[in-house]
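Add chain B to chain A, keeping to what the hints say.
Number of protein chains: 2
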Amino acid sequence: MVDGSIDGFWAVVPAGGAGTRLWPLSRSSSPKFLHDLTGQGRTLLEQTYDRLHPMVGNRFVVVTGRVHEEAVREQLTALGPDGVIAEPSPRDSMAAIGLAAAVLERRAEETGEDLVMGSFAADHVISDPASFHRTVAEAVAAAREDWLVTIGIEPTFPSSAFGYIRQGDALPGHERARVVAAFVEKPSVSVAEDYLATGAYRWNAGMFVCRPGVLLDLLARESPAFASTLRAIAAAPDRLDELWPGLPKIAIDHAVAEPAAADGRVATVPGSFGWDDVGDFDSLATLLGDAEKCSVLGDPSLVLTQQSTGLVVPASGRVVAVIGLDDVVVVDTPDGLLVTTRERAQDVKAIVAELKDQGRAELT
Amino acid sequence: MVDGSIDGFWAVVPAGGAGTRLWPLSRSSSPKFLHDLTGQGRTLLEQTYDRLHPMVGNRFVVVTGRVHEEAVREQLTALGPDGVIAEPSPRDSMAAIGLAAAVLERRAEETGEDLVMGSFAADHVISDPASFHRTVAEAVAAAREDWLVTIGIEPTFPSSAFGYIRQGDALPGHERARVVAAFVEKPSVSVAEDYLATGAYRWNAGMFVCRPGVLLDLLARESPAFASTLRAIAAAPDRLDELWPGLPKIAIDHAVAEPAAADGRVATVPGSFGWDDVGDFDSLATLLGDAEKCSVLGDPSLVLTQQSTGLVVPASGRVVAVIGLDDVVVVDTPDGLLVTTRERAQDVKAIVAELKDQGRAELT
Chain A
1 MVDGSIDGFW AVVPAGGAGT RLWPLSRSSS PKFLHDLTGQ GRTLLEQTYD
51 RLHPMVGNRF VVVTGRVHEE AVREQLTALG PDGVIAEPSP RDSMAAIGLA
101 AAVLERRAEE TGEDLVMGSF AADHVISDPA SFHRTVAEAV AAAREDWLVT
151 IGIEPTFPSS AFGYIRQGDA LPGHERARVV AAFVEKPSVS VAEDYLATGA
201 YRWNAGMFVC RPGVLLDLLA RESPAFASTL RAIAAAPDRL DELWPGLPKI
251 AIDHAVAEPA AADGRVATVP GSFGWDDVGD FDSLATLLGD AEKCSVLGDP
301 SLVLTQQSTG LVVPASGRVV AVIGLDDVVV VDTPDGLLVT TRERAQDVKA
351 IVAELKDQGR AELT
Chain B
1 MVDGSIDGFW AVVPAGGAGT RLWPLSRSSS PKFLHDLTGQ GRTLLEQTYD
51 RLHPMVGNRF VVVTGRVHEE AVREQLTALG PDGVIAEPSP RDSMAAIGLA
101 AAVLERRAEE TGEDLVMGSF AADHVISDPA SFHRTVAEAV AAAREDWLVT
151 IGIEPTFPSS AFGYIRQGDA LPGHERARVV AAFVEKPSVS VAEDYLATGA
201 YRWNAGMFVC RPGVLLDLLA RESPAFASTL RAIAAAPDRL DELWPGLPKI
251 AIDHAVAEPA AADGRVATVP GSFGWDDVGD FDSLATLLGD AEKCSVLGDP
301 SLVLTQQSTG LVVPASGRVV AVIGLDDVVV VDTPDGLLVT TRERAQDVKA
351 IVAELKDQGR AELT
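First to last, the protein sequences are chains A and B.
The working numbering puts the first residue of the first sequence at 1, with every later residue one more than the last.
The working numbering puts the first residue of the second sequence at 1, with every later residue one more than the last.
Excised from the complex, chain A in its bound form (with noise of 0.2 Å):
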């Protein structure tokens, strides 16, 4: 079913990160899945939520940090009790999709449904919902022959931000899904320009679509301690404080996905639709942008700008003035400012780590 609920289709939204690239405006007490990035009075959060809403109604489950869970069911009113499953400390994707999948198979168990669930990150920004919801779709008829299935977007410039998923054969019987024969690292600009030349690859999203017994599985085969914690936890949500610190701090791609795709378990549907994690100010001001003019994230009127390019965010109410500075980041937050420019915006990240080294993590 393309544009509309999906019976059974689960959303699962991990929603960690504290965006240390996009210091200062988020920060670790409140992240970027938090702000509206995109300037349309929605903040990442409620658009991954608008986004999913069509295909799983109220089957959304946000998984995040108990320090942000009042402000996501402050955001997300629509969620239900059991919308927002709170980790007691950040212990990476595994444990956070991990534990979701867990409580969705007790659930498949005890309903009969036939649950298929998909992981959305919380901080993405993608165009075009209606192209995003035929894929989804796609991912799910793939997921129901338990396949774990993740969306592949189609590159648009060879980055070397993201990882890459190497494409292998078709699926029999499905439009367009292929099984991957890889999951790739992030490459260099060079070795991405071969990978885009052969038009055999893929950004890898992180989106993984499956029934959640095939993901736990998929991780007892790895890990089977990992996989029983998981499904103990599920069974007496009562020992998760308990439980929950001596899970392995990993992410899902190392964890399952890599090795799941040696095995030739994982396939792939291809996402032709924008797609951006977002990941630092230069890619901000990708997304927002004009390369010609300053980008204003916030309030037009509270900037002035003369021969200036770049990306200027008024987070503080204050009056911005900028002259003479091409591709310049100016982030200018209540309590912290940052003047860079876009070519360095992964260095703000070592900002954010001096300033913890001076003892004044408050400010980050």
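Heads up, a few of these hints could be off.
Identical chains blur together in the list; that is why a pair holds if it fits in one copy or across any two.
The calculated lysine to aspartate or glutamate pairs, modelled on DMTMM-like cross-linking and capped at a C-alpha distance of 20 Å, are [stated by the list, open to error]:
no. : residue 1 : residue 2
1   : Lys-186   : Glu-70
2   : Lys-349   : Asp-263
3   : Lys-356   : Asp-299
4   : Lys-186   : Asp-277
Simulated from the structure, these hints should not be mistaken for lab results.
Relative to chain A, chain B alone:
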């Protein structure tokens, strides 16, 4: 007398001008002379007082706008009731200095003092006060022979931001004083290079030393009504509000110095002390700076920089992070932020003009 009090010598300190090229630090409501721009814990006005006090004691008159009188008195608590002449409205330097001259001329008539005045801006920075004192003492000696004496600063680079003094013949009986052949307007850099090559040119720092009556008589030759109105106000201070608005708005250079030089009535004493009018942030960066790193005017613990040079003014108390920008200027105040380059420092005034055009004069 060197480095000591000079009998009958009075300092007249015009304290005006908004310093729009130093926005957002300098405002019309709080102009640059009220600010500590050198990071030495004293404002430019206080430093001007400190520098002149050894020569004049409390023979010190500030001419400033009524709106600034209170701030001036708060900074210079040693001033008596007559230590401030408050202008009803800004009418440029001839009216300001001329009114002080008229007041001091009356005083000289009443007390019989052999009174010489020296006019020194409230917002200039001077290094080597001993050299300054020697130069002023020579100027006072020439002024006692009824010359209008200006101090000609030895140029250290071919500036296009300052007017120049072309020196003529030596003044007989004086160590270094010369007749002024002409004042010349701000030249281009290449013309300024030619000036420097001749060795005959000095920067015009707008410092004038003279008997008050000499100044007013020179003014009377050009504009008899102007001089007589100033003398009328000095004779009847309660007529200030009535007569002041009718005075021409003109700089002392055009009203008196240039025509007097053409008549051979102006002398100059060379000053080889460091001098700067701190006209913009480029000039301030040079004054504070180290071309190899970012200078900070304010609390250095608020500024984190990586591979950056230029000037950062953290005047709002917030943390300022600057990454990968050369010759940058970042000025952070509670209600306005400026980000530009040293090269574009002159263009800051256009931002102030734009804010005024937008009806946001409260920010200027």
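20 Å Cα threshold - placement of Asp-263 relative to Lys-349: neither (36 Å within a copy, 66 Å between copies)
Status of Glu-70 relative to Lys-186 across identical chains (alpha carbons, at most 20 Å): neither (34 Å within a copy, 63 Å between copies)
Homomeric proximity label, Lys-186 with Asp-277: Cα distance no greater than 20 Å: within (14 Å within a copy, 53 Å between copies)
Copy assignment of Lys-356 with Asp-299, given that the CA separation must stay at most 20 Å: Cα proximity of Lys-356 and Asp-299: across copies only (19 Å, versus 30 Å in one copy).
Of the numbered hints listed earlier, those contradicted by the structure are 1, 2.
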